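Following the hints, put chain A in place on chain C, whose structure we already have.
In case you want the letters, here they are:
2 protein chains.
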Amino acid sequence: MQADDHLSESVIFICLHPCNLNMDEWLITENGYQRSKNLYWESIFALANGYMGMRGTLEESSSYSDIKSCSGTYVAGVFDSYNKQYQAIVNLPNYFNTQICVGGDMLNVNTGKINGYTRSLDMHRGVLTRRFVWTNKRNQTTRFEITRFLSISDPHIAVAHFKIKPLNYSGNMEINNILDANVSNIDFHVSGYQLRDEKYFLIDDTHEKGKIKNGTYITVQTKTTKHKICELFKTRLAVDEKEIKCRNDYKVSHRYISNKSVFRVTEAKEYTFLKTIAVYTTRDNKKDIKRAALSKADESLKKGYLKLLQEHTDRWKERWNISDIKIDGNKRDQQSLRFLIYHLIQMGNKNDPRVNIGSRGLTSEMHYGNCFWDTEIFILSFFIYTHPETAKALLKYRYLTLPAARQKAKKLWFEGAMFPWMSSFPGHEQADNWEYANAGIHIVSDVAYAVMHYYNATGDDNFMLNYGLELLIETSRFWASRVYFNPRKGRYVINNVKGPNEYAGVVNNNSYTNWNARFNLRSCIETVNSIRKRFQPKFKMISKKLSLSPAELRKWKSIAENIYINYDKKSKLFIEDDMFLDKRPVEMKKVKPGKEIATESGITWDTLLRHRVVKQADVILMMYLHNNMFTREQKENAWKYYEKLTLHDSSLSYNTHAIMAAELGYKSKSYDYFQKSARLDLDDVMKNVFLGIHSACLGGTWQTLINGFCGMRLYKDKIEFVPRLPEQWRNVQFKIIYRGNLLNVKIEGSAVKVNIDKKLKNSQNVKVFDKKVCVLK
Amino acid sequence: MQADDHLSESVIFICLHPCNLNMDEWLITENGYQRSKNLYWESIFALANGYMGMRGTLEESSSYSDIKSCSGTYVAGVFDSYNKQYQAIVNLPNYFNTQICVGGDMLNVNTGKINGYTRSLDMHRGVLTRRFVWTNKRNQTTRFEITRFLSISDPHIAVAHFKIKPLNYSGNMEINNILDANVSNIDFHVSGYQLRDEKYFLIDDTHEKGKIKNGTYITVQTKTTKHKICELFKTRLAVDEKEIKCRNDYKVSHRYISNKSVFRVTEAKEYTFLKTIAVYTTRDNKKDIKRAALSKADESLKKGYLKLLQEHTDRWKERWNISDIKIDGNKRDQQSLRFLIYHLIQMGNKNDPRVNIGSRGLTSEMHYGNCFWDTEIFILSFFIYTHPETAKALLKYRYLTLPAARQKAKKLWFEGAMFPWMSSFPGHEQADNWEYANAGIHIVSDVAYAVMHYYNATGDDNFMLNYGLELLIETSRFWASRVYFNPRKGRYVINNVKGPNEYAGVVNNNSYTNWNARFNLRSCIETVNSIRKRFQPKFKMISKKLSLSPAELRKWKSIAENIYINYDKKSKLFIEDDMFLDKRPVEMKKVKPGKEIATESGITWDTLLRHRVVKQADVILMMYLHNNMFTREQKENAWKYYEKLTLHDSSLSYNTHAIMAAELGYKSKSYDYFQKSARLDLDDVMKNVFLGIHSACLGGTWQTLINGFCGMRLYKDKIEFVPRLPEQWRNVQFKIIYRGNLLNVKIEGSAVKVNIDKKLKNSQNVKVFDKKVCVLK
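Order-wise, the sequence lines are chains C and A. Taking numbering that gives the first Met the number 0, the leading residue of the first sequence gets 0, the next gets one more, and so forth. Taking numbering that gives the first Met the number 0, the leading residue of the second sequence gets 0, the next gets one more, and so forth.
Next comes chain C alone, as it looks inside the complex (with noise of 0.2 Å):
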């Protein structure tokens, strides 16, 4: 009702996408029902709260044989092994499945006569709703609006909320609330980019089921990790606003339990229908979890739909008030950054560090939910400056892993800590191809990287004196166990890597490793220095703990300065590695004829690997990270070289492109590329949405505007701000959380205005600068 003022009232837009997508700046609407774009919109409309997340599958799906879903429950950190090894996010039992009955007919969306169907995510709401007036075969005719979204304030709740009318007929009306258990992974073992007819089981059979009044539980087992789940919901059916009885009936059989509540409704009435749902797993260190599920939802039933809907509302705004982004430019633009705001919000949890954040977050299990170095270097960032409290827990997990990646180092015969390419947790290595999990070993030192961004940004001595200082310390371990002093070349090397150019194969040398090693290690000694001055005594006890000497710290010294960067003086060029330039030229279009990503257009990887293609940023991106130390004809060089052999093939590139041709002056070259990377999920520009939100996309495009077009760069002592907007903008506002203080930034043009809006807790005196530089005081 009120509730839903704003929904109501944007329906109708101008259509120009093929999706149908809407351009209003907070929604994302479905305009008529797409069958054929099911998997898309499932992923689209993925809600999650940190704690869960839930594909947007229809509520009444689980009747249809016939339509392409991929339904997908999950719970952040819930893994367990698919095969001896490794680990994947589990599927759980989808707590919205409903089954709605109108006189004998089973709502089918895809029977009968549809009226204005229209689903919209709310994103400022974090609200998605369906409404429709379906005709069954009986011409009963009845309008429906479900209401579902899953509560960012208390992360254990679910809520599913029908508004049904009758609109030309009085008779029987059954709702079945349903917890199917028989529930299995998709098997992306062999074949990346399907969906497989494979299945596999992660759910075993010792699970526990039961009526509740008005309601059900489940509690399932995951088969070898042992974690527990308790799934619960409680309804109530109510006629204006007054609460009615119904008939609750029954089912169980294996693994499966539904209610259904059976009551009669009478012509033009309008019935609201309420589901709270409750999620407990054994993970939250909770002695009895079906108990604390069943008072959170008995709870959430008392509170009634309009006070949930209000607290869940009421943490959004919070979250928007510092997050969002203000382009006074076009609604397109605008709307592609409130949706990648809005996942990358629902991705993290401040309150759990053993939880990271996967590849496509929690809206589906490609890469079986694990976690890779796009978290450190693209995710990061949006929440160093918008949420500090999530970004620190994200650090933390790396801490918490580090048992695991010690493991690692010590297997392959080096020293240190090795982190894992895909990891879950514990965080052993979840990649089952020696090239990723043993070669693509820059993930150690984006580690670093993240560490020393955090602690830039932040100052926050507590986390490098309890956590950071230990993961700069092991990585520089590994690094200096893994580089080998080449007497030909008289430099240490680093052989046997996969850089960020995937397609290279495993090559010696490749820049982006090498620097980022050497910079893990300067970092390491550098902060080591610094920590020891001002925190004599815990700098004692870290030392002393993990074994420091002076002769280590020199040896790093040693390694750094002489560290093998393949440059090539004459031309100014950074090589991406010691092989690419013998390999093969080839036209970009041979490789990827279509806008698949190449490997899915029949190349095959040896193909890819004989020729010079670069798969996605790779030396442009380490002169992003490290701005600048490198001089603008470098940059220049390198994107002239480099741009032109650049596939693309990874959403991690298009958003790296476009920060660079921003930086560079390439302003319509900067904006293309922007689009693909804000467009890369609403358009579909990979062709594989169905698998979920790119996760290191959002985080990459949101470092487009604020690190490319709003130039912000940060320095071990300031931040500040060198604009380029793009033509088609007139300004852009957002705020920034920098050591503790909420900045206001305006940029209109080259003119940048910043000023401290708030100090918040721990906040360091900083000054604001000729407008656009705010430095320490």
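These aren't lab readings, by the way, just hints derived from the structure by calculation. All values reported here derive from a predicted model rather than from experimental measurement. Just to be clear, a hint being listed does not mean it is correct.
Copies of one chain are not kept apart here, so a pair can be met inside one copy or by any two copies together.
[As the list claims (entries may be wrong)] Straight-line C-alpha distance at most 25 Å; calculated BS3-like pairs for lysine-lysine:
no., residue 1, residue 2
1, K198, K83
2, K488, K569
3, K395, K588
4, K250, K686
5, K67, K83
6, K591, K409
7, K488, K639
8, K241, K306
9, K589, K409
10, K410, K686
Showing chain A alone in chain C's frame:
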């Protein structure tokens, strides 16, 4: 009886070996039942006749549930898909499967009392015999002698012959002969060197089975290739050479049929039970395979045991007459040589060019029964010089698989023929790892090398005109498209290859590969020129069929002249590949602490790749194959540099090292390496004989003897011997077929005596020069 005289006399020997191998020159004997070595003996005692093969599984082993056994029954060329892309040789019903029941007790050598147990392989006659006296729980004592063979005079026939003598009782006896199609293959897919629990089933449910007089049959069908295989047997019981009747009980169940012969035995009488087995498949071009099998089994039964045995052993005698190598040295070496010749003879099949020799012949399903470059470089020599018809069939196999090789080249953007790393039939790539499948390209020139080898040894112009030239041209085309003119080097390079040293990873310019590619191009140009002159009309036809142009030949010449070879002029060392010298040195012991191949002792693949180690002969192999193109100094340098870095983690390595050591005069090293190669299977040097006999090692050991110790070298117009016998041997005698002449070679110290024993079909005129060179007249 008299047919077994040889065996009877040779049962007692000195026992030197942990496996109780007796050092008889013609026998391999298991003395006493060795339960824990069952898998080893199954491989060692495998019988085959080129058409089919059978592991040395105990006849009654289907009654044992507690012994590690890998029963394997194969017909060459009967492959089926174990997944969508790849095929495996199919494990068929074991036709020697026999359960014997004495007075109600099943024969089981693990229970009751066993006396005088021996199992002997008579290599001279290709016959496996088991003798023992067994006392059951009721104290009934029976003497058994079970003999079996797979006929090489008629490869569709297998024979089992039982002699049974009740020593202290009269009573009931049952011999149950089983055809059980509930067979599966081992899944080697994930882990190479283990017998895994996972199995896969390649036989479908459309089998046919039935009773025949004194026997049964079963016809099974492979799941996707739809080959039908009929196995049929008939039996005859006799006492004192007179046939007696017995009751026949049949049992039929799903995929299973058995025929139990039930009869009474009288104390101290000797009973003989003959089982003649016939096998036909739909690959045999018979209208009715069951009928063919029935008539074959009938005919065999009529012939009787002694005649069947005689025909079989006569053919073995013929083969040994040409193939045997006699050493006046020690019995152990003599036995090793006989063992390799025995198994090589079993593996070849001159009648079917659609089959090749798998990495373990027909002795297991390791590598799914596929063939590798092992055939061309290691195995072929033996056949070229002792049974050229078989060598020709093996090369025709490559000719018949040209269409698949052309398809593969096209798929990878190349021209000509790209032979697969692993090949079944019709020759599509069977390796599932791109590093091998698409980078192990030296196989292409290995085929060309083999064509030239066969041609130079036989002078078989018909072969060259009908098959060889097309192979040379299509492989040359492949190389011309595979090389890349690298302007930075001013040379044609071959990037991204895996050379024989698989532990180098995927590298640029592997010397072995580049050298052989050049050889391929040059040999083709030379052969084209020579054939053009000598067979103008036929050449025109070939040239037209393949659209061969003078410009193409000129292009090949230019490539051959400008191909890059990584040779360090200063140190006169051929470098294994462009990356080799940049790798980190390592102690060999650290990489390979035990005898198992390194990858089985815990080291990860990438760790191997990062270190300067050599899996198997690589540069050394190149120098052996192209012997007269390198100076002694170059060979010595290569030896000094590479030998100490070599892990010999392939059965293809010791023999090449033995040959090169012999050539360089390192006598004791040479003999050591020879022993390792010659005893690789008998002494289980690599700890994986349970997975079958290493076919390439057999061929490589043969070359060690002939090309290493006896120093045989083949040139375009002559064959010569420069012997370097081990100190331990006085003389060696053998026969060799050269250009249709059967040569007798006797080497004593450094003295060689060659003479022409016989002119065979299509012989060319040759004359013996200086007693050790045989030159074309």
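Please sort K250 with K686 into within, between, both or neither, judging by C-alpha distance up to 25 Å.
neither (40 Å within a copy, 58 Å between copies)
Measure nothing new, just compare the shortest in-copy and cross-copy C-alpha distances for K589 and K409 to 25 Å and report within, between, both or neither.
Close across copies (14 Å), not inside one copy (43 Å); limit 25 Å.
Evaluate K410 and K686 at a C-alpha cut-off of 25 Å and name the case that applies: within, between, both or neither.
Between copies only: 24 Å across chains, 38 Å inside a chain, cut-off 25 Å.
At most 25 Å between CA atoms: does that hold for K67 and K83 within a copy, between copies, both, or neither?
between (30 Å within a copy, 24 Å between copies)
Should K591 paired with K409 be assigned to within, between, both, or neither, using CA atoms and 25 Å as the limit?
between (40 Å within a copy, 17 Å between copies)
At most 25 Å between C-alpha atoms: does K488 with K569 qualify within a copy, between copies, both, or neither?
both (18 Å within a copy, 18 Å between copies)
At most 25 Å between CA atoms: does that hold for K395 and K588 within a copy, between copies, both, or neither?
Close neither inside one copy (43 Å) nor across copies (39 Å); limit 25 Å.
Copy assignment of K488 with K639, given that the CA separation must stay at most 25 Å:
between (28 Å within a copy, 24 Å between copies)
Pop the pair K241 and K306 into one bin, within, between, both or neither, using alpha-carbon distances up to 25 Å.
So K241 and K306 pass the 25 Å test inside one copy only (16 Å; across, 100 Å).
Quick one: K198 to K83, C-alpha cut-off 25 Å, is that within a copy, between copies, both, or neither?
both (16 Å within a copy, 17 Å between copies)
Consistency note: the structure conflicts with the earlier hints numbered 3 and 4.
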